[in-house]
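Asks: Using the hints provided, position chain R relative to the given structure of chain D.
Protein chains: 2
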Amino acid sequence: MKIGVVGLGTVGFGVVEILTQQKERLEKQIGEEVTVKYGCSLDEVTLPEGIIYTQDFNDVINDDEVDVVVELIGGTTIAKKIIIEALKKGKNVVTANKALIAHDGQEIFETAAKHHAKFYYEASVGGGIPVVVPAKEDLIANEIEKIEGILNGTTNFILTLMETDNLDFDEALTIADGLGYVEADASLDLDGIDAAHKIQILAMNAFEIFFDFDKIKATGIRSVTKKDMDYAKKLGYRIKLIAQAKKIENGYGIDVSPTLISLKDMVANVNQAYNVVEITCNYLENVLFYGKGAGRYVTASAVVSDIMKTHQQDMWKHDYQYVENIYPITKSKYYVRCDHSLDIDYETYFSQDHDHIYITNQIELNDLLEQLQGETYNLFKVRG
Amino acid sequence: MKIGVVGLGTVGFGVVEILTQQKERLEKQIGEEVTVKYGCSLDEVTLPEGIIYTQDFNDVINDDEVDVVVELIGGTTIAKKIIIEALKKGKNVVTANKALIAHDGQEIFETAAKHHAKFYYEASVGGGIPVVVPAKEDLIANEIEKIEGILNGTTNFILTLMETDNLDFDEALTIADGLGYVEADASLDLDGIDAAHKIQILAMNAFEIFFDFDKIKATGIRSVTKKDMDYAKKLGYRIKLIAQAKKIENGYGIDVSPTLISLKDMVANVNQAYNVVEITCNYLENVLFYGKGAGRYVTASAVVSDIMKTHQQDMWKHDYQYVENIYPITKSKYYVRCDHSLDIDYETYFSQDHDHIYITNQIELNDLLEQLQGETYNLFKVRG
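The listed protein sequences derive, respectively, from chains D and R.
Heads up: the first sequence begins at 1 in UniProt numbering, then just goes up one per residue.
Heads up: the second sequence begins at 1 in UniProt numbering, then just goes up one per residue.
Extracted from the complex, chain D is given alone in its bound form (with noise of 0.2 Å):
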């Protein structure tokens, strides 16, 4: 296969990177040529070896021998005009441009399916995290009943810092903007705009429909407090910017929303930056997607697997190697709990009635029996 990057960004070089570097065990896997032919951007960057740089693109779309052409410059005027014409020459399109596809992603489809050239996007929701191509592909028993996620890394961190460091909203977006969280249009992640390109994208392959994204009802975090964000918590809850997606009785409930969850909820655990996507169905029940939702190589790591997508091989031939060098993992934190004090590195001691009670410091298992031997003791690893 031979590929074209547009846009060479954080993600788009990033993806360049990757398949660099993974060339040979990307080969391996699908049983032919992985090569970057193509790397397009207006400004000038430094390519690995062998790549063609060039500033125009049809340069790339023009090439018969580009097969794959990786759309990564966002916005919805020059990159829908590179997708459109790539699949109207029969080339396969992989991009993460979640507001171009929210917008017209009717339109591309339906040029897709026209010329029988592949889209994929899995990255254009939950950054690096499989969620697009498995709700479709390993989800297609169940009949989807609910989508519910938190689609927005910039809001779920401004939140979890107004938690955790007792700020208000603007406190915290000031911290957050300092630290490059914040993008140049704050509307879209702070206004829920951004997590409703996302819903719409999940929504559309779970219900197998189109509509505008101007249905879709988006209210951001800015009327989050600090003083509701306590009450909640005194009830049991944290805030979270939820975007939903369900059938209802008329057609279809699809909303973002700052939305209270139990923190008994696996979802209200979702903080700093990271993305979660919880699909309830009829046979699967619920199932949930966690993960880092940006990023450059954790979006890149998407944008490589749809571009291996579109080659699909058979990925399960299993020739694999025997290895006799298996091992039980014995170096570790340990909790111990004995009768006496022992001579060892420890993060936490404390002793009540008869016992001793250490978290370790790493330490070979062999190591920590040798304190133990005579003694009764009970020992489990501690994860981390």
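It is worth saying that the hints were derived from the structure and are not from the lab.
All C-beta atoms in this analysis are idealised placements derived from N, C-alpha and C, irrespective of residue type, glycine included.
Among the hints, erroneous ones may be present.
As the list claims (entries may be wrong) - So these bits of chain R aren't anywhere near chain D, every CB distance computed over 10 Å:
no. : residue
1   : Pro48
2   : Glu49
3   : Gly50
4   : Ala99
As the list claims (entries may be wrong) - Listed below are several chain D residues computed to face chain R (Cβ distance under 10 Å; list not exhaustive):
no. : residue
5   : Gly105
6   : Ile140
7   : Leu179
8   : Ala245
9   : Ile261
10  : Tyr283
11  : Val287
12  : Tyr290
13  : His318
14  : Asp319
15  : Gln321
16  : Val323
17  : Asn378
18  : Leu379
19  : Arg383
Replies: Same frame as chain D, but now just chain R:
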């Protein structure tokens, strides 16, 4: 596609039901006919009309029309014979049989490769949670470094019960047994053997290796006491049965052992019979898959997605219908903070300083807003 389902117990019959109920939708998705031709089982069962019942699996394997054989009888003797013979005839095979793959995976995979047949087993790990396929296909860009998971629902149910009901292991086991959570051979669950089967399957694919099952050291939960659970909690941890596999300096570290997990960690909050798999890799960092690990339709859901996968056409045609009836989700529980008390049905109410705070019962937003006319208030949805 013509399917033969061998084994009509809990999961097998669930597969037949799903394929019957969802026939039309599945056929649209993959663009071809989906027919269950045989149901095979020693115990006589009543099958939906049109499906041939047989007690002899040879009827299924020897029918040239059948191109997907679904093995759901379990065990490692007859099940293996059926799978190997079906693969040798070039039929695709789908199974949920983790013990068999853990013990004889290499032989089965090699037979499948030799005869150009597909062999899928998503349901063998994590019940219906998509994790075997996503870990391989959707994370293809990544080198997987570590896999950790709660892979056995029975032991997680017992550990949760010990904590919530303040029971010791034996007491919780008795209750779990009474509720039907414990299998005839309790040791498979309690001694971590089932979890070891599953981590072997995940490790094989993640690291592209084969290895002998008996290399995995499995420790179950019999040594977990209520006392240690209480001490762990005091330190901010919860005890879970964790299956782990990672690259280590001189090979691969793989084991199953009770492990303390920080309560701040998502994995510590996986309770009851839920399963979770967390995968750490070089680009995507950490990604987590969570859901029900067992149950008739839960597991059958994964089996059906594998069956569809054997005939994977492009499911991404996006031939969706355009719809107008998209609405915000206005019927919800609400959090309201306002100046005066309200005349509404509520779940929780308290007042503090000059604030009145409600968690309402389910209510239409307009009905609530009517009550709030002229008031100063803040309002958010409440999940659930």
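Asks: Take the hints in turn and mark each one as holding or not.
Replies: Going down the list of hints, with the structure as the test:
1. Non-interface status of R:Pro48 relative to chain D is upheld: no Cβ of that chain comes within 10 Å, the nearest being about 16 Å off.
2. R:Glu49, annotated as away from the interface, keeps every beta carbon of chain D farther than 10 Å; the closest lies near 21 Å.
3. Consistency note on R:Gly50: stated as away from chain D, and its beta-carbon is indeed over 10 Å from all of that chain's, at 20 Å minimum.
4. Listed as outside the interface, R:Ala99 is consistent with that label: its C-beta sits roughly 18 Å from the nearest C-beta of chain D, beyond the 10 Å cut-off.
5. The closest approach between the C-beta of D:Gly105 and any C-beta of chain R is roughly 8 Å, which is under the 10 Å cut-off, so the hint is satisfied.
6. The interface hint given for D:Ile140 is met, as the beta carbon of that residue sits about 5 Å from the closest beta carbon of chain R, less than 10 Å.
7. Given hint, D:Leu179 at the interface with chain R, is violated; its Cβ is 18 Å from that chain's nearest Cβ, farther than 10 Å.
8. Annotation: D:Ala245 was flagged as interfacial toward chain R, and the flag holds, the nearest CB pair being 9 Å apart, inside 10 Å.
9. Taken as an interface hint, D:Ile261 checks out: its beta carbon lies about 5 Å from the nearest beta carbon of chain R, inside 10 Å.
10. With its C-beta approaching chain R no nearer than about 4 Å, D:Tyr283 sits inside the 10 Å limit, and its interface hint holds.
11. Taking 10 Å as the C-beta cut-off, the interface hint given for D:Val287 holds, the closest approach to chain R being about 4 Å.
12. With 10 Å as the threshold, the beta carbon of D:Tyr290 comes within range of chain R, its nearest partner Cβ sitting at about 4 Å, so the hint holds.
13. The restraint placing D:His318 at the interface with chain R holds, with a minimum CB-CB distance near 4 Å, inside the 10 Å limit.
14. Given hint, D:Asp319 at the interface with chain R, holds; its Cβ is 7 Å from that chain's nearest Cβ, closer than 10 Å.
15. Annotation: interface hint on D:Gln321 holds; nearest CB of chain R at approximately 6 Å, less than 10 Å.
16. At a threshold of 10 Å, the smallest CB-CB gap from D:Val323 to chain R is about 5 Å, leaving the interface hint in force.
17. Checking D:Asn378 against chain R: minimum C-beta separation of about 6 Å stays under 10 Å; hint holds.
18. Contact between D:Leu379 and chain R, as hinted, is supported at the beta carbon level, the nearest pair being about 8 Å apart and thus within 10 Å.
19. Checking D:Arg383 against chain R: minimum C-beta separation of about 5 Å stays under 10 Å; hint holds.
Checked against the numbered hints above, the structure violates only hint 7.
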